[in-house]
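Turn these sequences into a full structure, and let the hints guide you.
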Amino acid sequence: MPFARIRRFALPALACVVWTSALVHATTGAPPPQTRRAAPLVDFDRQVRPIIEERCLECHSAEKRKGGLSLATYADALDGGRNGAAIRPGASARSLILQRILGRVEPQMPKDEDPLPPEEIAVIRRWIDEGARETPASPPAPPPWEAPLGLTRGAVPPVTWAAWSSPVDRFVAARLATQGQDDPALVGDALFARRAYLDLWGLLPPPDALQAFVKDPAPDKRERLLTTLLADNQRYAEHWMSFWNDLLRNEDGVTYYSETASRKSITTWLKAALESNLPYDRFVAKLLNPQSPGDPDGFLIGVNWRGETSAAVTPWMQASQNSAQIFLGVNLKCNACHDSFVSHWKLKDAYALASYFSPEARLQLFRCDRALDQYAEPGFLYPQLSRVPSSASLEARRATAAAIFTDARNGRLARTLVNRLWQRLLGYGIVANVDEMDGKPWDPGLLDWLAADFADHGYDVKHAMLTIMSSRAYQLPAVARTGELPAPRDYRFMGPEVRRLSAEQFADALGALTGEWSVAQQGDAPGAYAREFRVGATNLTRALGRPIRDQVTSTRVTQSTTLQELELVNGVTLTTWLSHGARRMLGEWKPAPASVFTKSVAGRFASTAAFDLDVSKASKLWFIVEENGSSAPERIQAAWADVELIGPAGTTPVSSLKPVEAAGLRAGQGPIALAAAKEPLAGGGIRVNTPSRLVYDIAGQGFTRLRGTVGIENTDVGATLQPQIRFFIFDAEPDMERLIPPTPGSPLAQPPQLKDASALVDRVFWYALSRAPSAEERRIAEEAVTGPGGQLSAAGLADLLWAVVMKPEFQLIY
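Counting from 0, one number per residue, gives the positions in the sequence shown under numbering that gives the first Met the number 0.
These are calculated hints, taken from the structure and not from any lab test.
Please read all numbers here as calculations on a predicted model, not as lab measurements.
Beta carbons: idealized from backbone N, C-alpha and C, even for Gly.
Incorrect hints may appear among the rest.
Capping the alpha-carbon separation at 30 Å, the derived lysine-lysine pairs in BS3-like fashion look like this [to be verified]:
#1 263 x 461
#2 263 x 332
#3 347 x 439
So the derived label-pair ranges between C-beta atoms look like this [to be verified]:
#4 374 x 128: 32 to 42 Å
#5 62 x 742: 47 to 57 Å
#6 114 x 343: 24 to 34 Å
#7 62 x 476: 16 to 26 Å
#8 215 x 162: 12 to 22 Å
#9 700 x 592: 15 to 25 Å
Following this line, the structure appears as structure tokens:
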């Protein structure tokens with residue numbers, strides 16, 4: 000039950016002014032003496048706590064901690080949550096808790112409840128401004144943690160347990176010991192190998208390699224495995240592409256529409272940088288100061304939104320916000336519009352940083368899209384590192400920005416990256432919020448030792464990974480987290496957290512297990528089987544957390560959702576994938592037929608395309624229109640114009656034939672006027688929706704040729720509509736999942752075609768779960784994959800694959 004509301008307000012202070020005689024004042028010149036009794040300080044227990052108990056604890060109790068914030072105790076309130084300090088003693092205007100209560104920072108608190116009355120807000124404001132004291136007699140509360148700019152190189156703790164001798168382990172062991180823990184055991188070899196393969200390659204360990212590793216008696220085999228995995232530059236890069244794509248907003252095959260500029264992929268450069276292990280300081284410098292044609296200028300171009308946009312999202316303001324967030328762990332989102340309500344950053348700070356990347360060196364400030372008579376010139380967030388560009392040219396300003404960000408005195412560059420790596424590999428950052436590096440680390444010494452070691456080794460990212468992953472801290476059993484992220488003061492490191500497979504890891508695991516991979520498709524040419532990072536997102540991978548990447552994504556949503564459950568339990572993508580994969584594993588897969596005509600109609604100009612095909616050997620024709628990433632596919636008016644068959648009796652409009660299958664016909668009369676055609680086409684035509692599928696039986700009619708033109712009838716192409724569709728004609732039954740059959744080859748060798756139920760079950764369990772099946776699991780699985788007559792069943796194998804893929808053992812990294 001909620002506590003009853005208790006409101007007590009201090010009595011107004013009594014002021015007594017005693018004036019001396021006017022004569023004395025006049026003759027002495029002394030001011031009239033005054034005495035004033037100060038208003039009593041706000042009492043937290045009597046005046047603030049009752050408000051919190053009544054209005055806040057439903058979401059911010061010690062148990063619930065929404066946003067990582069507990070207000071259950073005075074100490075909890077000062078600790079703050081995932082977004083940093085909620086209370087800044089002596090500065091209510093900069094305190095997040097008050098800005099949330101006032102609604103200046105969304106969402107307003109209490110969420111979905113009546114706002115606090117003014118008198119209660121006044122009490123909280125006064126309490127914070129008076130120092131957020133625990134009692135009226137207490138001194139003001141200490142200020143929140145302030146992260147130093149440079150790296151501090153404190154002493155490494157002495158060895159606590161003999162085996163925990165590396166610097167990382169000495170920091171962690173000292174902390175574990177203070178928590179009352181004895182020297183903990185590590186995970187077994189199979190679990191370690193599965194964790195390492197997934198973290199470095201994004202792939203499950205192949206059964207033969209896993210079993211060889213488990214049998215290896217060498218005491219240094221774990222570090223040797225990590226070294227071997229890191230040495231495979233291609234597989235390492237293919238996995239870590241997704242991490243950097245999320246951060247750098249790089250997404251191949253996705254168009255962010257703009258009337259003035261395009262969005263450029265940096266995939267080629269990024270993959271090469273990862274494969275070569277480009278030192279991180281040079282990596283950042285290239286992103287901030289692209290000079291040659293092969294450099295990643297797409298990062299600074301950013302996402303150019305179509306139509307009228309806010310001044311806060313111009314490409315240079317995006318560059319300001321994103322570079323600060325990604326490389327420094329500084330959030331400038333609020334003060335791209337106005338002075339921040341919750342930090343010391345000002346509007347002018349965001350504009351000064353943006354001035355390094357803007358067309359003009361002097362930027363006019365806009366506050367909430369209202370122009371101000373104020374201007375910003377290039378300036379860094381930390382004045383002690385700021386430099387004046389050698390000239391006002393954009394090239395000079397970008398070069399200066401790159402030099403500042405990578406300045407050896409800028410400890411935030413290394414600190415932010417190693418914290419991101421720790422969070423990625425162990426599930427919880429040393430600073431909990433990886434985008435807010437002003438938060439207090441749970442071990443400042445460990446964080447700065449890792450950052451200094453990273454910088455001392457030439458900003459070698461692989462070295463930093465090896466340092467973390469070879470530690471005993473990384474090799475501890477995984478700990479399951481329940482509920483919200485704990486506040487830093489309450490966090491107790493006990494080992495890596497249980498993590499979910501990413502969408503890409505999930506998909507690549509299916510590919511490796513079954514031989515059925517996703518297909519990367521560029522244009523109308525045949526695609527190629529590829530790792531998941533190369534292909535566009537599907538309903539399945541979106542449900543599993545793959546982001547849209549129009550914003551920086553540093554941590555993905557990992558909580559289970561209804562959409563995720565629907566896709567996993569009954570989604571078409573996964574069902575089809577497992578069905579195809581089962582047939583591949585049993586050697587029953589047949590290649591899909593190729594089309595006789597394929598044409599993409601895409602972009603602002605959406606050009607038409609004519610075709611003239613030999614159909615003399617065809618008995619049926621399939622006319623298919625496929626959606627391929629349009630901005631509004633339901634609005635696209637696709638058409639087969641002047642489409643006709645040539646035969647012994649002359650010309651026959653296809654529109655005069657009755658289709659044996661018709662899905663997606665669109666009503667309409669009169670000549671078809673294609674968007675890019677100079678004049679309406681007078682011949683017969685077929686109007687269709689997107690997508691659509693028409694089938695015509697032409698057997699025995701002697702037709703020899705098929706000709707016509709494809710395009711769309713929309714008149715608003717390029718203004719409010721950006722089409723991306725494909726037209727296909729087949730003369731054999733198409734595979735609707737593979738309308739453009741990929742070229743042979745796959746990222747890994749195809750699995751062996753097994754004809755024995757026991758061997759098949761062993762492969763599934765060893766590959767998917769890194770272990771052998773139990774006796775009961777084997778019995779059930781062998782029954783599932785064995786069909787009538789003792790033959791292996793593709794349908795039964797697909798069912799087994801689904802059952803194994805649904806196991807937490809498969810979907811989680813322990």
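Now for the hints, and whether the structure bears them out:
Simply put, residue 263 and residue 461 have alpha-carbon atoms about 27 Å apart, close enough for the 30 Å limit, and the pair holds. In summary, the hint linking residue 263 to residue 332 is supported, as the alpha carbons are separated by about 23 Å, within the 30 Å threshold. Our distance criterion of 30 Å between C-alpha atoms is met by residue 347 and residue 439, whose separation comes to about 26 Å. Roughly 33 Å separates the CB atoms of residue 374 and residue 128, a value that falls within the hinted 32 to 42 Å.
Take residue 62 and residue 742: their Cβ atoms lie about 55 Å apart, and the range 47 to 57 Å holds. Taking the beta carbon of each, residue 114 and residue 343 are about 26 Å apart, inside 24 to 34 Å as hinted. The hinted window of 16 to 26 Å between residue 62 and residue 476 holds, with their beta carbons roughly 25 Å apart. At about 19 Å, the CB distance of residue 215 to residue 162 agrees with the hint of 12 to 22 Å.
The hinted range of 15 to 25 Å is satisfied by residue 700 and residue 592, whose Cβ atoms lie roughly 22 Å apart.
Against the hints set out earlier in the document, no violation occurs for any number.
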